[in-house]
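Just so you know, the sequences run in chain order A and B.
Positions 1 to 396 (this note's numbering) are the ones given, in order, by the first sequence.
Positions 1001 to 1125 (this note's numbering) are the ones given, in order, by the second sequence.
These are calculated hints, taken from the structure and not from any lab test.
A hint or two may mislead.
PhoX-like cross-link-like pairs, simulated, lysine-lysine; straight-line CA separation at most 20 Å [to be verified]: (1) Lys306(A) x Lys256(A); (2) Lys251(A) x Lys1073(B); (3) Lys256(A) x Lys293(A); (4) Lys192(A) x Lys1117(B); (5) Lys1025(B) x Lys188(A); (6) Lys188(A) x Lys176(A).
Here is what each chain is made of, one letter per residue.
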Amino acid sequence: MLGWLLYILNKHEKFKEARFLVTAIVPYLVVSFVIEVIRLINVDLFNRWHSWTDAIQTFAFIWGIGTWIVTRRQRKELIKARQKAIEEEQNNKVISAMKAQLEIDVAERTAELRKQKEELEITLDELKAAQAQLIQSEKMASLGELTAGIAHEIQNPLNFVNNFSEVNRELITEMKHEIESGNFTEAKDIAKDIEDNEEKINYHGKRADAIVKSMLQHSRSASGKKEPTDINALADEYLRLSYHGLRAKDKSFNAKFETDFDDSIREINIVQQDIGRVLLNLINNAFYSVSEKQRQEIPGYEPTIKVTTRRLGDRFDPDNDRDRVEIRVADNGSGVPKKVLDKIFQPFFTTKPTGLGTGLGLSLSYDIITRGHGGELKVETKEGEGAEFIIILPTQ
Amino acid sequence: MKILVVDDERDIEVLFEQRFRREIKTGEIDFAFAYSGEQALDYLNQHVHEAVLILSDINMPGMSGLELLRHIKQKFSHPPPVVMMITAYGDAENYSQAMRLGADDFLTKPLDFSVLKEKLKEKVQ
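Bound-form chain A, shown alone:
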């Protein structure tokens, strides 16, 4: 029966846990059984071995308890280890689930970011296009301001070209007449007049030509090359164009303009239409400022613009061997308020009412002078008394 029991315990998995009971109890049971058998068969032998059997029985009992304790401990550790394994397995499952989720998340985010990046790129392209358009419209806007001035500046020379050439035709007829009559002194006098008139026709024709050329240069979008330029002539031309343009637009507008040009300035290397645009801008601003002040009807106020050029040679800056030229555009308008002074060269900043200014004039001017020509564009102003914009250009 014991053999069978042992067999069952060994065979069946669920009795495995009870196996230690066998190991613990069976020796005691066997010993007790053998002793009992001995006592029944031979009491003398039992009595003689009594102390020995007791010891063996006690030992078996102690063995049983020791086995139980050791087994229990082992079992506890086993359970712990098993639980740990289960936990680990669960952890692993959670981690791999999280990993999968993370990968999905990352893929989603990446797609989102890519989409955003593409959108941003499109927006950037649109902005660039808008900027280019704005720069072009700023050019065209100032060209629009120019056209009235140009009309005036062209009609005036044309007036001379047409009329002097008609006069010359009459004079030639007269001269022929005098020659036929033998009045050679008179004929010579007339010839002299014809010659003078011819010179005037030529002069005014060239004047009209220069105006048309500068208009074309102004509207040309590609940045041109640096050429030796007479800065005084350029400043004078744009001062006149700006003045007549403003007068054409606003009949009530009136201002004095003065020039003080330094004749010692030789031709300097600049991109003509760019510097022309800067000059036109600064002069237009100056005229705008004085015309705004004129509206306040301050008694005795005389709107005045002054354009000055000066060579900044060794005399002014002995340490600097680079020759420089200074162009000042001064007005006695209202000046630039302190709180906007640091903003005036920023793109899109304007104090003009909506629709009147793009806010790009000064920022473009600043760009042209500093980046395009390695010069400086500064402003000196006193609120309520006027502003003076100063361009400093290197001549080399």
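Assemble the complex: chain A is given as a structure, and chain B must be docked to it using the hints.
Leaving out everything else, chain B in the frame of chain A:
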């Protein structure tokens, strides 16, 4: 007949002298020139009643031709001189403003002198 021509273009003087050389020779027309509105007013103040006819440009630095016109019509009313405006801007606004201020005629540059001569004859008669 005395005519005051007001224009900031200096060559105007030579042009008028040549185009009217016959009239000048015969003493039919006598010209005076001023190169700004201010100069024109100075001239008129010094030579009261002398100029019968004034030809003025509109676009000039300083006092504009239209302002000069207003001054003349206000100050020199006995008898009011004939004022003709000559401008490079032939637009409607310039025209109507000149007329409102009392201009007697309005001509555009480039100037047609045969038209001008006819108009001068008309005004004088």
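Comparing the hints with the structure gives:
no., hint, in the structure
1, Lys306(A) x Lys256(A), "holds, 8 Å"
2, Lys251(A) x Lys1073(B), "holds, 18 Å"
3, Lys256(A) x Lys293(A), "holds, 14 Å"
4, Lys192(A) x Lys1117(B), "violated, 25 Å"
5, Lys1025(B) x Lys188(A), "holds, 18 Å"
6, Lys188(A) x Lys176(A), "holds, 11 Å"
The structure fails hint 4 only (numbered hints given earlier).
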